[in-house]
Amino acid sequence: MSNVSNNAYALTVLSPIKNDHIGELSYGDIVRNKLIEWDVDEGSPMAKVPQTYLARYFILDDVFSEALAGGDFWGTSYDILAFFSDKFRRRALPKIDQLKSRYLVFSSNFHGDLEIYLRGMWAVMQKEIKEVWGYCYAFDHVHDADTFIAYIKKCQLNAALFFVGSTDDSLEEQLKSLYLKQEFSKFAVEHQGLPAMELQKAYQAFIRRVEPTNLAGPSWKPGQSTLCK
Amino acid sequence: MTKVLDLHDIQGNIVRAYGRFGFPVARYIFLQIRDGDKGRAFVGAVTNKVTSAATWGVGPHPIPKPKVTTNIAFTYGGLKALGVPRESLRGFPPEFVMGMKKRKDILGDDGPSAPENWDSVWHQEVHVFVSFNGQSQEFIEQQCQWLLQLIDQSDGGVVLLRGHRGDDGSTDLPYQDAKIVFENGKPTSKEHFGYTDGIGDPVFEGLPDSVLNANGRGKPTADGGWEPLATGEFILGHFDEAHEYPPAPKPFLLSRNSTFMVYRKLHQNVGTFNAYLEEQGKLYPGGKELLAAKFVGRWRDNGAPLVSAPDVERKKIWDAKFAQATSQERDNMLSSWDYDKDPNGAKCPFSSHIRRINPRSSLEFGNKGAFDTPGALSNRRRIIRRGLPYGEVKDPDRDDGNHGIIIMMINADINRQFEFVQQQWINYGNDFKASNDRDIILGNHSKEFPSKAVLPVEPDSDQVPFFLKAIPRLVETRGGDYFFVPSITALCIIAEGTIDPT
Amino acid sequence: MSNIAGKSYAMNVITPMRWYMTWINKLIFWIAQKFPSTLRGLVTLSLIHYARWVIIGRNQLPHLDKRQPKEDLHYSYMLFFSNFNGSWEQYVDSFTFSIPRGLDLFWKWNIRYPHSVPLTPFHKYIQYNQIETNHYYNATPLASSNDVKSAKKLKAALIEFDRKFNTAVPDQFLDQYNALLRNLQGDLGDMRPTPIVSMAAAAVSKRRFEDEKKLHQPNVNI
Chain A
1 MSNVSNNAYA LTVLSPIKND HIGELSYGDI VRNKLIEWDV DEGSPMAKVP
51 QTYLARYFIL DDVFSEALAG GDFWGTSYDI LAFFSDKFRR RALPKIDQLK
101 SRYLVFSSNF HGDLEIYLRG MWAVMQKEIK EVWGYCYAFD HVHDADTFIA
151 YIKKCQLNAA LFFVGSTDDS LEEQLKSLYL KQEFSKFAVE HQGLPAMELQ
201 KAYQAFIRRV EPTNLAGPSW KPGQSTLCK
Chain B
1 MTKVLDLHDI QGNIVRAYGR FGFPVARYIF LQIRDGDKGR AFVGAVTNKV
51 TSAATWGVGP HPIPKPKVTT NIAFTYGGLK ALGVPRESLR GFPPEFVMGM
101 KKRKDILGDD GPSAPENWDS VWHQEVHVFV SFNGQSQEFI EQQCQWLLQL
151 IDQSDGGVVL LRGHRGDDGS TDLPYQDAKI VFENGKPTSK EHFGYTDGIG
201 DPVFEGLPDS VLNANGRGKP TADGGWEPLA TGEFILGHFD EAHEYPPAPK
251 PFLLSRNSTF MVYRKLHQNV GTFNAYLEEQ GKLYPGGKEL LAAKFVGRWR
301 DNGAPLVSAP DVERKKIWDA KFAQATSQER DNMLSSWDYD KDPNGAKCPF
351 SSHIRRINPR SSLEFGNKGA FDTPGALSNR RRIIRRGLPY GEVKDPDRDD
401 GNHGIIIMMI NADINRQFEF VQQQWINYGN DFKASNDRDI ILGNHSKEFP
451 SKAVLPVEPD SDQVPFFLKA IPRLVETRGG DYFFVPSITA LCIIAEGTID
501 PT
Chain C
1 MSNIAGKSYA MNVITPMRWY MTWINKLIFW IAQKFPSTLR GLVTLSLIHY
51 ARWVIIGRNQ LPHLDKRQPK EDLHYSYMLF FSNFNGSWEQ YVDSFTFSIP
101 RGLDLFWKWN IRYPHSVPLT PFHKYIQYNQ IETNHYYNAT PLASSNDVKS
151 AKKLKAALIE FDRKFNTAVP DQFLDQYNAL LRNLQGDLGD MRPTPIVSMA
201 AAAVSKRRFE DEKKLHQPNV NI
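Chains as they are written, first to last, in my numbering: chain A, 1 to 229; chain B, 1 to 502; chain C, 1 to 222.
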């Protein structure tokens with residue numbers, strides 16, 4: 001399935017939002033406001049969701065109708081047919097589409113299995129999930145992890161192509177690697193030119209401190225936006 | 001089909017680095033327009049003497065080489081003060097409208113380079129830039145007298161802005177003077193850190209034959225050759241590398257053959273540089289001069305590129321060949337090379353100045369054919385550099401003397417060319433896989449988060465990569481702005497006040 | 001609301017295409033997935049964390065409830081979500097110049113796609129069809145895609161080195177340590193926060209920082 005690239009998964013979810021309102025605000029606007037208010041980086045609710053590399057939310061109000069100049073497959077045919085009837089010139093204009101509902105779009109890139117991921121998500125951000133998905137059709141059937149998973153799968157779209165430019169390692173692996181890169185770069189610079197014995201001693205102390213093989217040891221945190229001191 | 005440019009319509013400083021054509025001294029003057037009518041009359045008078053890009057001494061009515069060249073440019077504020085209509089003004093790009101001071105966060109002009117530390121002339125609203133390049137100081141003074149007279153005649157409509165820093169702590173000079181560096185009484189093309197400068201100007205279509213050597217200066221082709229870049233990368237109104245006219249203000253007569261210029265006064269911390277080089281040179285296995293070469297990517301004495309002369313031994317061979325070479329061969333030795341034999345930066349480090357400001361085809365990282373052309377990531381980031389050093393180093397152990405470089409960068413799109421290089425390649429390193437490491441010479445290194453650079457070695461050798469630690473800020477911005485360099489036609493219509501983009 | 005999270009930029013583009021053309025795009029994507037060498041340009045550019053293309057048939061928008069009106073669209077749609085380093089404004093030239101053919105291959109069948117060269121119409125086409133992200137999360141805002149990849153290489157090399165030479169005799173240790181540095185010399189850049197992406201983004205960041213500060217200040221008499 002194109003959603004999977006080795007151990008990385010591309011989850012694309014479009015959930016239709018009910019066409020209703022609270023006071024002067026439509027449901028779609030309420031959801032958008034909630035999303036905008038969420039804290040960012042390490043404070044984002046997604047930072048609590050295990051194995052999340054990068055994720056985004058937005059409200060799809062409507063599709064765009066094209067009006068800029070550009071190519072068209074039938075372009076030349078229409079041009080020729082237009083000699084005979086003006087209706088072909090008009091038919092060549094892009095059509096105007098309109099969505100009948102607004103959609104909450106959720107896209108996540110994560111490591112591992114879909115169901116485990118969604119279970120993890122339900123476990124740590126139930127409040128926020130209800131806060132945004134609560135205004136969507138059929139979400140009233142969702143009351144636990146299983147029903148949440150079933151709901152998401154009904155809203156899921158499959159990727160035709162998923163390109164992984166970074167790695168498909170677990171998030172812990174990525175964070176630990178970045179931590180080690182930062183720390184080892186510092187170590188290498190600070191200990192330049194030392195004689196063998198002194199260097200080795202310092203190196204051994206360094207390894208004890210950074211614990212390279214221990215993913216649960218010192219590392220970067222998900223969403224960490226400032227440097228370790 | 002060879003492109004032909006109307007050189008008479010283009011200002012000369014775009015096409016020619018006067019410093020290399022026998023004009024060792026320059027003066028840069030900044031003015032403010034207080035009255036539109038008088039300002040336009042002034043511009044009209046100056047336009048009569050503006051030096052174009054026409055080649056001197058050729059053709060049926062040859063133009064003699066002038067004793068002093070004159071060129072003029074305007075900030076957005078200047079164009080507005082001269083009455084250029086709003087409809088035209090709206091077509092100028094946002095960064096030009098804002099001016100360089102307000103772009104400080106993008107350019108990394110922080111700490112000692114922050115605008116509050118600039119020469120006081122830049123704390124006023126600069127409108128007009130006039131430059132004189134002279135065969136001698138005497139000719140500059142004469143031309144300057146003429147300009148001062150015109151300013152006088154404007155009766156306060158055009159005002160000279162003072163506030164340039166100079167020798168002996170002076171802070172209120174009326175002009176910025178610049179001149180080539182002399183060594184033992186002989187003129188050199190060096191700057192104050194001792195590097196040979198002014199090599200490697202981009203070559204584009206339409207340049208006069210005398211400078212149309214694209215080897216190493218144009219864009220690299222897939223078969224290892226070189227071609228001139230599209231004119232529109234540097235001059236508005238001509239197709240650029242993206243097969244279109246670069247975005248430009250209306251009407252066409254205002255923008256065609258015009259361009260943009262970034263003027264920056266860069267103070268050089270000579271004392272810090274010398275001390276740092278001395279201290280690190282003792283630690284560096286290759287010695288001080290090789291280390292100095294690694295900072296920039298060229299050897300200080302004669303500009304030999306590290307890619308061709310990566311160590312002391314090979315430099316000797318290069319020097320010997322250079323000594324015997326013809327002028328054309330020398331040019332090729334200095335400019336016609338690429339990084340394909342240096343994928344690891346062992347010869348020319350990734351944080352060396354010239355690799356950062358012009359990576360040539362190295363951003364393909366050895367994956368030949370991965371991109372549409374080898375120069376895909378650098379062709380659109382090329383910049384023409386003009387200008388001269390200013391001041392003198394009286395005490396090489398101090399920073400506070402009056403010494404630095406006036407650099408004027410010419411490009412069709414300030415944001416895509418100059419600002420991109422400054423922000424993404426000089427003060428950041430991701431495109432070079434160097435995370436946030438900066439350009440050694442120009443980077444805005446800070447004390448709070450000490451900068452370092454890696455000087456790599458050949459992977460199959462037994463050498464050790466060298467880490468340049470706690471790089472001090474070697475260069476500080478002391479002033480500047482974004483200018484529009486009109487074509488001669490544009491100057492005429494600005495002066496006449498007849499611009500109407502309806 | 002931001003398309004930016006640390007060093008990553010979230011791009012969302014939705015473009016219409018004729019419903020009977022979607023098979024061409026699906027085929028092209030399938031080939032690209034099957035033969036990764038077709039994506040060599042993108043890989044060399046090295047700016048992308050993760051990217052995906054989704055084709056939504058005009059009848060395939062999720063319909064979950066009989067009270068939800070059924071969509072009635074003329075066109076099918078292609079969704080493109082990308083996470084890349086730098087802003088679109090800064091890097092459009094890099095994409096267009098390095099992989100113009102690839103861009104055309106993927107978008108050619110969309111309505112009014114203008115080809116990737118010349119640049120300005122292509123730049124405008126993407127911006128026209130771009131939707132702002134309301135919430136963007138990045139687990140590694142301090143790391144670009146290059147940083148993540150080089151970190152992976154470094155961790156593996158360091159662990160291997162440590163396993164073999166942590167307790168070696170000092171001279172051998174030093175030799176091997178130097179070999180490790182040679183191997184990792186291209187992976188030792190210092191990571192810091194991203195350069196500012198634009199004046200607008202910087203202003204929003206600043207305001208957010210000020211708001212945070214105010215929230216955490218002790219209550220002064222109000």
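Be aware that one or more of the hints could be misleading.
[Claimed, not checked] Okay, derived cross-link-like pairs now, DSS-like style, lysine-lysine, Cα gap no bigger than 27 Å in a straight line:
1) A:K201 x C:K153
2) B:K469 x C:K66
3) C:K108 x B:K368
4) B:K104 x C:K206
5) A:K34 x A:K153
6) B:K469 x A:K186
7) B:K433 x B:K469
8) B:K104 x B:K3
9) B:K186 x B:K341
10) C:K70 x A:K130
11) A:K48 x C:K213
12) C:K164 x A:K186
13) C:K214 x A:K221
14) B:K190 x B:K316
15) B:K368 x C:K206
16) C:K108 x C:K26
17) B:K282 x B:K250
18) A:K186 x C:K152
19) B:K469 x C:K152
20) B:K288 x B:K341
21) A:K201 x C:K164
22) B:K250 x B:K80
23) B:K368 x A:K186
24) B:K447 x C:K124
25) B:K433 x A:K221
[What the hints assert, rightly or not] Covered stretches of chain A, as calculated for chain C (at least 3 residues, CB under 8 Å):
26) 59-70
27) 121-129
[To be verified] Label pairs and their in silico Cβ distance ranges:
28) B:S446 x A:R119: 44 to 54 Å
29) C:I24 x B:T221: 41 to 51 Å
30) B:F239 x C:D211: 24 to 34 Å
31) A:G75 x B:N332: 40 to 50 Å
32) B:T221 x A:I36: 42 to 52 Å
33) B:E458 x A:A67: 53 to 63 Å
Just so you know, these hints were derived from the structure itself, not from any lab. Quick reminder that beta carbons are idealized off the backbone N, C-alpha and C, glycines included.
Against the structure shown, which of the earlier numbered hints fail to hold, in ascending order? As far as the earlier hints go, 2, 8, 9, 15, 17, 23, 24, 27, 29 and 30 are violated by this structure, in ascending order.
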